[in-house]
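> Heads up, the sequence shown is in this note's numbering, so the first residue is 48 and it goes up one at a time.
Hints listed in this document are in silico derivations from the structure and should not be mistaken for laboratory results.
Possibly wrong hints are sitting among the right ones.
[What the hints assert, rightly or not] No more than 25 Å apart at the CA atoms, straight line, and that leaves these computed lysine-lysine pairs for PhoX-like:
no.: 1; residue 1: K153; residue 2: K140
no.: 2; residue 1: K140; residue 2: K112
no.: 3; residue 1: K164; residue 2: K130
no.: 4; residue 1: K114; residue 2: K153
no.: 5; residue 1: K100; residue 2: K123
no.: 6; residue 1: K100; residue 2: K139
no.: 7; residue 1: K139; residue 2: K114
no.: 8; residue 1: K114; residue 2: K100
no.: 9; residue 1: K59; residue 2: K112
no.: 10; residue 1: K49; residue 2: K59
no.: 11; residue 1: K123; residue 2: K164
no.: 12; residue 1: K164; residue 2: K100
no.: 13; residue 1: K130; residue 2: K119
no.: 14; residue 1: K130; residue 2: K114
no.: 15; residue 1: K123; residue 2: K112
no.: 16; residue 1: K119; residue 2: K164
no.: 17; residue 1: K100; residue 2: K119
no.: 18; residue 1: K153; residue 2: K164
no.: 19; residue 1: K130; residue 2: K140
no.: 20; residue 1: K164; residue 2: K140
no.: 21; residue 1: K100; residue 2: K59
no.: 22; residue 1: K100; residue 2: K153
no.: 23; residue 1: K153; residue 2: K139
no.: 24; residue 1: K139; residue 2: K119
no.: 25; residue 1: K164; residue 2: K114
no.: 26; residue 1: K112; residue 2: K153
no.: 27; residue 1: K201; residue 2: K130
no.: 28; residue 1: K201; residue 2: K164
no.: 29; residue 1: K200; residue 2: K164
no.: 30; residue 1: K100; residue 2: K49
no.: 31; residue 1: K112; residue 2: K130
no.: 32; residue 1: K130; residue 2: K153
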Amino acid sequence: MKCMYCGCLESKVIDSRSTDEGRTIRRRRECIQCGRRFTTYETIETTPVLVVKNGGNRQSFDPNKLKNGIIKACEKRPVSMSKIDRLVEDIKKQVYNSLEQEITSKRLGEMVMNGLKEIDEVAYVRYASVYRQFTDISSFMQELETLMSENKKKNTEQKPEQ
Numbered sequence: 048m049k050c051m052y053c054g055c056l057e058s059k060v061i062d063s064r065s066t067d068e069g070r071t072i073r074r075r076r077e078c079i080q081c082g083r084r085f086t087t088y089e090t091i092e093t094t095p096v097l098v099v100k101n102g103g104n105r106q107s108f109d110p111n112k113l114k115n116g117i118i119k120a121c122e123k124r125p126v127s128m129s130k131i132d133r134l135v136e137d138i139k140k141q142v143y144n145s146l147e148q149e150i151t152s153k154r155l156g157e158m159v160m161n162g163l164k165e166i167d168e169v170a171y172v173r174y175a176s177v178y179r180q181f182t183d184i185s186s187f188m189q190e191l192e193t194l195m196s197e198n199k200k201k202n203t204e205q206k207p208e209q
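Generate coordinates for the entire structure from the input sequences, incorporating the hints supplied.
If you want it as structure tokens, here you go:
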């Protein structure tokens, strides 16, 4: 690391600490030539992921925007903030682990709906109603019937045979 005082390219690390919940390492360094100390920070370089909207325009992936939508769907429901945070983290990991630089808003919405379906069905229906843009009561009922049939199927699979 180049010394900011004399420009020497050699320095030694005096102290290293993890900061920002382990995402950053703070290093105290001492220049070999002039002996002055300075601090450097080491972070993971992330490549930005773009969300491709239905209209074709792109915007950067924002986990906070995702979280706000989930919070809105879970409003006045018995869903803890830790469950919401866990869902956002899971989706964030899926997005970054895909190693793709773009993700469609449709795929992102499906990830949210799959997660909400496990957490709270009412929040799932709320999110789906906005995401899928239900235009009439029949499309809303169709989604509810799909959810009910999945529940019935899940319940019959879980019951032990007698």
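> Run the distance test for K140 versus K112: straight-line Cα separation, threshold 25 Å.
holds (16 Å)
> Taking only the CA atoms, is the gap from K139 to K114 under or equal to 25 Å?
holds (10 Å)
> Could you grab the alpha-carbon distance between K100 and K119 and see if it respects the 25 Å cut-off?
holds (20 Å)
> Could you grab the alpha-carbon distance between K100 and K59 and see if it respects the 25 Å cut-off?
Violated, at roughly 48 Å.
> Quickly compare the C-alpha distance for K153 and K140 to 25 Å and report which way the hint goes.
holds (17 Å)
> Against the 25 Å threshold, does the CA-CA distance of K164 and K114 hold or violate the hint?
holds (16 Å)
> Just to be careful, I want the Cα atoms of K100 and K153 compared with a cutoff of 25 Å; is the pair within it?
The given pair, whose Cα atoms are some 8 Å apart, holds under the 25 Å limit.
> Within a Cα-Cα threshold of 25 Å, do K123 and K112 meet the stated pairing?
Status holds; Cα separation ~19 Å.
> Tell me if the straight-line CA distance from K100 to K123 falls inside 25 Å.
violated (29 Å)
> Is K164 within 25 Å of K130, Cα to Cα?
The given pair, whose Cα atoms are some 12 Å apart, holds under the 25 Å limit.
> Would you mind confirming whether the straight-line C-alpha gap from K100 to K139 stays at or under 25 Å?
holds (17 Å)
> Check whether the Cα positions of K114 and K153 lie no farther apart than 25 Å.
Holds, at about 16 Å.
Going through the hint list in order, the structure does not satisfy hints 5, 9, 21, 30.
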